[in-house]
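A.B. asks: Please build the complex by placing chain B on the supplied structure of chain A, with the hints as guidance.
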Amino acid sequence: MSPLVRKPEEKYKLPTKYWLLILSAISVILMLITFVFDIPLKPLNEVVSVTVVPLQKGISIVGENLYSKKELFNQVNELVDKNNKLMEQVNELTIENNKLLQDTIELNSLLKLYELDQTYSDYPKTGARVISGSTGNWFSTFIIDKGSNDGMKVGMNVLAGGGLVGRITEVGANWSRVLSIIDDTSNVSCMVLTTNDHLMVSGSLANMENGYITFDQLSENAKDVEVGDKIVTSNISDVYLPGIPVGNISYMEKDSNHLSVSGYITPSVNFDHISEVLIITKLKTELE
Amino acid sequence: MKRFIIDLLLIIVFFVLQTTLFPMLKFTRIIPNILIILVSCSGFMQGEREGMFVGFACGFLLDICSFDVFGFYSILFMLIGFLNGLLHNFFYLKDLKIPAIMILSSDIVCCLATYFFLFLMRSRFDFPFYLVNIILPEVVFTLLLAVIVYPFLWLIEAYVFKKKNAESS
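Going down the list, the sequences are from chains A and B. Position 49 of the first sequence, counted from 1, bears residue number 49 in our numbering, the numbering being contiguous throughout. One gets our numbering by counting positions in the second sequence from 1 and adding 1000 to each.
Isolated chain A, as found in the complex (with noise of 0.2 Å):
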């Protein structure tokens, strides 16, 4: 080819190994801001807004359907069967309801006058949809149909079947997540429900593959704490709510250092089918 005839310049691309260079600085530079300075990044959270919540939500809107069909379809003779026992046991358990009603009433009216009332079933909610699980398999985190446009906030408590699930840790306009008590990262102050005894619940991959969760720094001297006991969130938590149940002890120890007891929880909640949660849409830090 004559050297007088030139190709049309091509355009002009910055070399890969610079990209790779200012891409890894980004990360890095975002990773500070994250990791030390704990600042959340709100514009970028709207990027999944757009892109990635809608089909999460159309996906686990028609994937709940249809599981949900053919689970009616197995279930209608089942139900039949329940339909008949339930019957009776209605018949029973109104007239040991209207016992407990009395009961209820007499202690409504000692509670008031110990100024307890606020339990967590009091407490304003709002019901959410879960729209995608964890990406993988380190870390229990899940995303909820409900973001900034409806009030939520980083921090709000999380519950489901009557159980703690979680509490927020990041929000987007229509989207937010949720960091749940069995993820690894995951630590909650508790206390024995009975007792009031203070203890730390730590979520742990190992032991969830048993369906558990561990506990710490329970007082050796709680002596009075057994094996079945409830536990419940610790007044003194700085996220979490008091009074919201957590789970069951189902193992203790005593640690090797004979000053404290170990052990695991069984949850309250079960992990495994969440589709619907609740969310306290007050934070612990606006209760006086």
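Note that these hints are calculated values from the structure, not bench results. Bear in mind that the values here come from a model prediction, so they are computed numbers and not experimental data. It is possible that part of the hints are untrue.
Over 12 Å on every C-beta distance to chain A, these chain B residues come out as not near it, computed from the model [said to hold, decoys possible]:
1. Leu1087
2. Phe1090
3. Ile1098
4. Ser1105
5. Arg1124
6. Leu1144
7. Val1147
8. Val1149
9. Leu1155
10. Ile1156
11. Glu1157
12. Val1160
Partner residues aside, some chain A positions facing chain B, computed with beta carbon under 8 Å [what the hints assert, rightly or not]:
13. Ser24
14. Leu30
15. Phe35
16. Ile131
17. Ser134
18. Thr135
19. Phe139
20. Gln217
21. Asn221
C-beta atoms are modelled at their ideal positions from N, C-alpha and C, and glycine is treated no differently.
C.D. replies: Relative to the frame of chain A, chain B by itself:
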């Protein structure tokens, strides 16, 4: 431009699959890492430049949706994409052994890095447990899934982009 749009679509679709569909199906507790297949294949099929960008985008989405230290998966996936891209010259569409090894090793690297930086650093020393219960099942599951996903990516590469080295080179 065509490449950009198709890559973007693939990233979003794979990410939604990984976060929504697989946790919902629940064959086991273990979720296969379908994103690493995409990152590894993009690097391997298209070169280090594309691998790097696809890896960064996938890691970026993962970072937003999963973990508190933002940027960890971005940098990890970007490097995996880039390193896979360095072996771009060995890419023949008909060969299946090398991609399998690439995906396998990428997933192992990803798992080991996660364990090392996010678990070992928090004094979780029981490596054999994590190896047997988390890493091995994930790697096996991912490889099985790669058998289904790879031909699909292969088709896109061969027919949409009319790859010239399908037979020769």
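A.B. asks: Name the hints, by number, that the structure is in violation of.
C.D. replies: Hints 5, 20 and 21 are the ones this structure does not satisfy, whereas the remaining hints hold.
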